[in-house]
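Asker: Going down the list, the protein sequences come from chains A and B.
Under this note's numbering, read the first sequence as residues 1 to 395, first letter to last.
Under this note's numbering, read the second sequence as residues 396 to 493, first letter to last.
Hints were generated in silico from the structure; no laboratory data involved.
Quick caveat: nothing in here was measured; it's all calculated off a predicted structure.
Idealized CB from N, CA, C, for every residue including glycine.
Take these hints with a grain of salt, some might be off.
[Unchecked claim] Restricting the straight-line Cα-Cα distance to at most 20 Å, the calculated cross-link-like pairs of lysine to any residue (SDA-like) are: (1) A/K127 x B/V419; (2) A/K12 x B/R451; (3) B/K407 x A/S58; (4) A/K127 x B/H446; (5) A/K159 x B/D445; (6) B/K407 x A/K218; (7) A/K331 x B/K407; (8) B/K407 x A/E37; (9) A/K175 x A/Q115; (10) A/K98 x B/I490; (11) A/K218 x B/R440; (12) A/K98 x B/D430; (13) A/K98 x B/L464; (14) A/K127 x B/I490; (15) A/K22 x B/K407; (16) A/K159 x B/R451; (17) A/K98 x B/G480; (18) A/K12 x B/G488; (19) A/K331 x B/R426; (20) A/K12 x B/H404; (21) A/K127 x B/A434; (22) A/K331 x B/T448; (23) A/K98 x B/A434; (24) A/K302 x A/K354; (25) A/K22 x B/H446; (26) A/K12 x B/H446; (27) A/K127 x B/R451.
[As the list claims (entries may be wrong)] So, partial list: chain B residues that the calculated Cβ filter (under 10 Å) puts toward chain A: (28) M396; (29) R398; (30) H404; (31) D412; (32) F454; (33) P483; (34) M485.
Next come the chains, spelled out residue by residue.
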Amino acid sequence: MSGVRVLVGTRKGAFILTSDAKRERWEINGPHFAGWEMYHLKGSGVDPNRIYASQSSSWFGQIIQRSDDGGKTWHQPGTPTGESTSTPEGMPKAESNKFVYDTSSETGKPLTTHQWYDGTPHPWEFKRVWHLEPSLTDPDTVYAGVEDAALFRSTDGGKSWQELAGLRGHGSGPKWQPGAGGMCLHTILLDPTNRNRIYIAISAAGAFRTDDAGKTWKLINQGLRSQYIPDPTAEVGHCVHRIAMHRSRPNALFMQKHWDVMRSDDGGESWHEISGNLPTDFGFVIDVHAHEPNTIYVVPIKSDSEHFPPDGKLRVYRSRSGGNEWEALTKGLPQRDCYVNVLRDAMAVDALDKCGVYFGTTGGQVYASADAGDSWAPIAQHLPAVVSVEVQTLP
Amino acid sequence: MIRVTLPVHLRKLAQVDGEVALEVAGQVTQRSVLDALEARYPMLRGTIRDHVTQRRRAFVRFFACEQDLSLELPDAPLPNAVATGAEPFMIVGAIAGG
Numbered sequence: 001m002s003g004v005r006v007l008v009g010t011r012k013g014a015f016i017l018t019s020d021a022k023r024e025r026w027e028i029n030g031p032h033f034a035g036w037e038m039y040h041l042k043g044s045g046v047d048p049n050r051i052y053a054s055q056s057s058s059w060f061g062q063i064i065q066r067s068d069d070g071g072k073t074w075h076q077p078g079t080p081t082g083e084s085t086s087t088p089e090g091m092p093k094a095e096s097n098k099f100v101y102d103t104s105s106e107t108g109k110p111l112t113t114h115q116w117y118d119g120t121p122h123p124w125e126f127k128r129v130w131h132l133e134p135s136l137t138d139p140d141t142v143y144a145g146v147e148d149a150a151l152f153r154s155t156d157g158g159k160s161w162q163e164l165a166g167l168r169g170h171g172s173g174p175k176w177q178p179g180a181g182g183m184c185l186h187t188i189l190l191d192p193t194n195r196n197r198i199y200i201a202i203s204a205a206g207a208f209r210t211d212d213a214g215k216t217w218k219l220i221n222q223g224l225r226s227q228y229i230p231d232p233t234a235e236v237g238h239c240v241h242r243i244a245m246h247r248s249r250p251n252a253l254f255m256q257k258h259w260d261v262m263r264s265d266d267g268g269e270s271w272h273e274i275s276g277n278l279p280t281d282f283g284f285v286i287d288v289h290a291h292e293p294n295t296i297y298v299v300p301i302k303s304d305s306e307h308f309p310p311d312g313k314l315r316v317y318r319s320r321s322g323g324n325e326w327e328a329l330t331k332g333l334p335q336r337d338c339y340v341n342v343l344r345d346a347m348a349v350d351a352l353d354k355c356g357v358y359f360g361t362t363g364g365q366v367y368a369s370a371d372a373g374d375s376w377a378p379i380a381q382h383l384p385a386v387v388s389v390e391v392q393t394l395p
Numbered sequence: 396m397i398r399v400t401l402p403v404h405l406r407k408l409a410q411v412d413g414e415v416a417l418e419v420a421g422q423v424t425q426r427s428v429l430d431a432l433e434a435r436y437p438m439l440r441g442t443i444r445d446h447v448t449q450r451r452r453a454f455v456r457f458f459a460c461e462q463d464l465s466l467e468l469p470d471a472p473l474p475n476a477v478a479t480g481a482e483p484f485m486i487v488g489a490i491a492g493g
């Protein structure tokens, strides 16, 4: 019988929630890496037992953890649990937590500056990994989106990391600037039909696409309009919060921007607004139904200064028409006095029938719907603030 | 033998309990102690000093013999009591929010 594994990253550790396919009874396992900020965990689609996790701390920096048994045990890649972390000669076996920007003349453009909050030039400084995206074909290949914004890749299961420096070499880097959460590369979408095509998004620079596996990148922000920047239709500078794609239609992209919910049907070449009748079009998460590529979900948040649901009512909005016409999904969600936020990586779907939808809140709740959003129930209620939610549908 | 104490997060990461005892060749300085620590526990690389610049991370501080040594030069000799093992070299996470 198939089942579901929900990977939850929080401000103070990681939790793994499991259920059978009925999705009625849940077991909570954790905290893993207690006390550390777990920005993201994600499993490989090729090998579900392979899970990568980003463990970080303002004090002690970035650690990459890997599990090869579905989250039961963890190790830093290159150092299996229980084994010495160094060779007999005393040398480290791996440098799995080493993220160093590429400054070589051969592969990358010289490191430039980006803009600080006040517009002054600021040097690139690595802070943490926001998002890990395992390859669709190779469990040992995984991409990492980091702050300050850059894209790294490991092809040895997370043992070592190399920057895909063409992104920062794009030339627009000096115009990138941090959003309130930092200058992060938070979205990585791999095109399942074209291994050379990757989409990424940066707060606050915008969306980019590569068609040559990361060597060169193109800004894809035509149609975005952001009133809060000096030139609302500028090519670069938009605070994209999240982009989602359905595997069957990789040219159709759905974006939750700082304000505005947007859609592209041409691989990001152009965007149009689909906010429609949403009560507010500010928010962070967006995701697509596993079996209906035109059914999308968002969680509207009141505003950029009031990061909680409008009217104290936690509502997921679903559009079955690819946008513009939205319905509020409230059954089982708190409809009074609710002032939590739902962060950009904290929504995911499973691949069961009916499609399961999951999201986590800064109040430590994880809500799940086993009927595509029609009804909801908390599957965890008292976790630390949830930063990310990913779902694995197990065979 | 040099004694080093680690904050709890780094003890868990290195999978050690209590103090760490290290052999340090040559002069006992912050740099030589941290080099020996990272050689024995490579998973701590980057958690105390930056990978590239080798500078102390902003929220990490060093103490010994009731002195704050955080701002001392990396190659300055540590107190004799640390070099003899009478006192530990303390690596401490700064108190700066949660």
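Asker: Now look at each hint and say whether the structure bears it out.
Answerer: Structure-based check of each hint:
For the given pair, A/K127 sits about 31 Å from B/V419 by alpha-carbon distance, which is inconsistent with the 20 Å threshold. Of the pairs offered as hints, the one joining A/K12 and B/R451 is violated, with about 24 Å between alpha carbons and a cut-off of 20 Å exceeded. Proposed proximity of B/K407 and A/S58 is supported: the alpha carbons are some 16 Å apart, at most 20 Å. Only pairs whose Cα atoms come within 20 Å are accepted, and A/K127 paired with B/H446 is accepted, the gap being roughly 12 Å.
As the CA atoms of A/K159 and B/D445 are separated by approximately 18 Å, the hinted pair is consistent with the 20 Å bound. Between B/K407 and A/K218 the CA atoms are separated by roughly 43 Å; this puts the pair beyond 20 Å, and the hint is violated. A threshold of 20 Å between alpha carbons decides the hint, and for A/K331 with B/K407 the separation of about 42 Å lies outside it, so the pair is violated. Taken as a hint, the B/K407 and A/E37 pair is honoured in the structure, with Cα atoms around 15 Å apart against an allowance of 20 Å.
Between A/K175 and A/Q115 the alpha-carbon distance is near 6 Å, which keeps this suggested pair within the 20 Å criterion. With a C-alpha separation of about 25 Å, the suggested pair A/K98 and B/I490 falls outside the 20 Å cut-off, and the hint is violated. As the CA atoms of A/K218 and B/R440 are separated by approximately 35 Å, the hinted pair breaks the 20 Å bound. Distance hint between A/K98 and B/D430 is fulfilled; the C-alpha atoms sit about 16 Å from each other, no more than 20 Å.
Restraint check for A/K98 and B/L464: the C-alpha separation of about 26 Å exceeds 20 Å, so the hint is violated. Under the criterion of a C-alpha separation no larger than 20 Å, the hint pairing A/K127 with B/I490 is consistent with the structure, at around 19 Å. At roughly 37 Å between alpha-carbon atoms, A/K22 and B/K407 are farther apart than 20 Å, so this suggested pair is violated. A hinted pair counts as satisfied when its Cα atoms are at most 20 Å apart, and A/K159 with B/R451 does not qualify at roughly 24 Å.
As the CA atoms of A/K98 and B/G480 are separated by approximately 32 Å, the hinted pair breaks the 20 Å bound. Restraint check for A/K12 and B/G488: satisfied, since their Cα atoms lie roughly 16 Å apart, inside the 20 Å limit. Between the alpha carbons of A/K331 and B/R426 the distance comes to roughly 59 Å, so the proposed pair goes past 20 Å and is violated. Distance restraint check for A/K12 and B/H404: the Cα-Cα separation of roughly 12 Å lies within the 20 Å cut-off, and the hinted pair is therefore satisfied.
Of the supplied pair hints, the one linking A/K127 and B/A434 is violated, its CA atoms being roughly 23 Å apart against a limit of 20 Å. Distance restraint check for A/K331 and B/T448: the Cα-Cα separation of roughly 53 Å exceeds the 20 Å cut-off, and the hinted pair is therefore not satisfied. Between the alpha carbons of A/K98 and B/A434 the distance comes to roughly 15 Å, so the proposed pair stays at or under 20 Å and holds. Among the hinted pairs, A/K302 with A/K354 is inconsistent with the structure: their alpha-carbon atoms are about 30 Å apart, more than 20 Å.
Using a Cα cut-off of 20 Å, the hinted pair A/K22 and B/H446 is violated, with the two alpha carbons roughly 47 Å apart. Note on A/K12 and B/H446: the hinted pairing is violated, with a Cα-Cα distance of about 24 Å set against a maximum of 20 Å. The suggested pairing of A/K127 with B/R451 holds, with an alpha-carbon distance near 14 Å, which does not exceed 20 Å. Violation of the interface hint for B/M396 is found here, the shortest Cβ-Cβ separation to chain A being roughly 17 Å, above the 10 Å cut-off.
For the restraint placing B/R398 at the interface with chain A, the shortest Cβ-Cβ distance is roughly 20 Å, beyond the 10 Å limit, so the hint is violated. The interface hint given for B/H404 is met, as the beta carbon of that residue sits about 6 Å from the closest beta carbon of chain A, less than 10 Å. Below 10 Å, beta-carbon pairs count as interface contacts, and B/D412 has none with chain A, the closest being about 16 Å; its hint is therefore violated. Satisfaction of the interface hint for B/F454 is found here, the shortest Cβ-Cβ separation to chain A being roughly 4 Å, below the 10 Å cut-off.
Given the 10 Å rule on beta carbons, the hint for B/P483 is violated: about 19 Å separates it from the nearest Cβ of chain A. The criterion of a C-beta within 10 Å of any C-beta in chain A is not met by B/M485, whose closest approach is roughly 14 Å, and the hint is violated.
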